[in-house]
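For the sequence shown, the residue numbers in UniProt numbering are 1 to 295.
Rather than coming from a laboratory, the hints here were simulated on the basis of the structure. Possibly wrong hints are sitting among the right ones.
Unchecked claim - Cβ-Cβ distance ranges computed for the label pairs, FRET-style: (1) L78 with V45: 17 to 23 angstroms; (2) G54 with I32: 40 to 46 angstroms; (3) S39 with D66: 30 to 36 angstroms; (4) Q173 with I32: 54 to 60 angstroms; (5) K90 with R196: 20 to 26 angstroms; (6) H8 with R200: 36 to 42 angstroms; (7) L38 with R169: 51 to 57 angstroms; (8) N179 with D232: 41 to 47 angstroms; (9) K84 with E15: 50 to 56 angstroms.
Small disclaimer: the values here were computed from a predicted structure and weren't measured. Built from N, CA and C at the ideal position, the CB exists for glycine as well.
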Amino acid sequence: MNSVNQNHSYLSELEKMLLDRSNIGVEIPKNIESIKVLSCNKKRVLPSKRCTTGSFYPIPSGYFSDNIWNPLHCQMTLFTDNEKIKTFLKGKKVFLIGDSTVRQYIRHFAETIKIVDYFNHTEDEMQSWQKTLLAINLEKFIYVQWKKHTFPFVSQTFYSIKEDAYIARQIDQIGGGQNTIIILTMGQHFRPFSLRIFIRSALNVRKAIERLFYRSPRTKVIIKEENARDMDTNIERFSDFHGYIQYLTLREIFHGLNVGFVDALDMTIAYASNVIHPPVEVLQNLISMSFTQAS
1 MNSVNQNHSY
11 LSELEKMLLD
21 RSNIGVEIPK
31 NIESIKVLSC
41 NKKRVLPSKR
51 CTTGSFYPIP
61 SGYFSDNIWN
71 PLHCQMTLFT
81 DNEKIKTFLK
91 GKKVFLIGDS
101 TVRQYIRHFA
111 ETIKIVDYFN
121 HTEDEMQSWQ
131 KTLLAINLEK
141 FIYVQWKKHT
151 FPFVSQTFYS
161 IKEDAYIARQ
171 IDQIGGGQNT
181 IIILTMGQHF
191 RPFSLRIFIR
201 SALNVRKAIE
211 RLFYRSPRTK
221 VIIKEENARD
231 MDTNIERFSD
241 FHGYIQYLTL
251 REIFHGLNVG
261 FVDALDMTIA
271 YASNVIHPPV
281 EVLQNLISMS
291 FTQAS
């Protein structure tokens, strides 16, 4: 099946005028002669505790400096070195569940830093990106899999639904254990639909994680919040207004559960907010935040 975005609106012509925007994303003039920076005369106190699962991050949760994300409430370990990543992933299974933004993880491992090899990626990228991806490293016994969450799932290209399963069902089919990491995301494909659908799906995912922890309490589960989206997207259906509501909803639903959170919304607003798939500088920090909490 496939799903195509059509020019449909629930707004009247008068209501649409409220969403007319100008001077959005305009580049700041570069002919500034000088900028004077004053010290705040306060000693910067760095967090001493490493980022772990079960912690609740503030809003805003951090800032970028020299292309490195600095969480306000904990210390993040950088995972940018190939050998360091391979050492961390040795003997582990990583299940990536969600949309194309978490699919970037497996593509980074297999195509950019080349620490794993694809097992089943032989087709045209544009026509088959929704299919399950598997990548392995036989020497280090590393297993990485990406599988999309099912409905709602927006895609103009055709894909099979025979092997699809909701996130909760996928989690129920994972045995878990101390060498299992689950990184999931949900949000972008839910934006055009009723918030009730998102809430119901998130509650089902929470229940599935609770069942997972009953049988395998040492499994690491990381919730990657959704990214900020392109400025020129359909405001009514896909804007970050919907994403922010879902972002707050997800924080509430998973509060109190021993899972890790990656504040991708804050990170992508601070850096590369004009693209849904951020560049490698941001992706490395998303991965680092995920693996720090899964350590």
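Check your understanding: Between K90 and R196, does the beta-carbon spacing fit 20 to 26 angstroms?
Key -> Roughly 42 angstroms apart at Cβ, these two residues miss the hinted range, so it is violated.
Exercise for review: Could you tell me whether the CB distance from L78 to V45 stays inside 17 to 23 angstroms?
Suggested key: holds (20 angstroms)
Exercise for review: Can you let me know if the beta-carbon spacing of N179 and D232 is within 41 to 47 angstroms?
Suggested key: holds (43 angstroms)
Practice item. Starting from the hint 40 to 46 angstroms, judge whether the C-beta atoms of G54 and I32 obey it. Key: At roughly 45 angstroms between Cβ atoms, I32 and G54 fall inside 40 to 46 angstroms, so the hint holds.
Practice item. Using the beta carbons of K84 and E15, state whether their distance is inside 50 to 56 angstroms or not. Key: holds (52 angstroms)
Practice item. Return holds or violated for the Cβ distance of H8 and R200 against the range 36 to 42 angstroms. Key: This hint is violated: roughly 23 angstroms between Cβ atoms.
Check your understanding: Is the distance from the Cβ of S39 to the Cβ of D66 consistent with 30 to 36 angstroms?
Key -> Taking Cβ atoms as reference, S39 and D66 lie about 19 angstroms apart, which means the hint is violated.
Check your understanding: Lying within 51 to 57 angstroms: is that true of the beta-carbon distance L38 to R169?
Key -> holds (56 angstroms)
Check your understanding: Is it true that Q173 and I32 lie within 54 to 60 angstroms of each other by Cβ?
Key -> The hint (54 to 60 angstroms, Cβ to Cβ) holds, given that Q173 and I32 are roughly 56 angstroms apart.
Hints 3, 5, 6, counting from the list given before, are not met by this structure.
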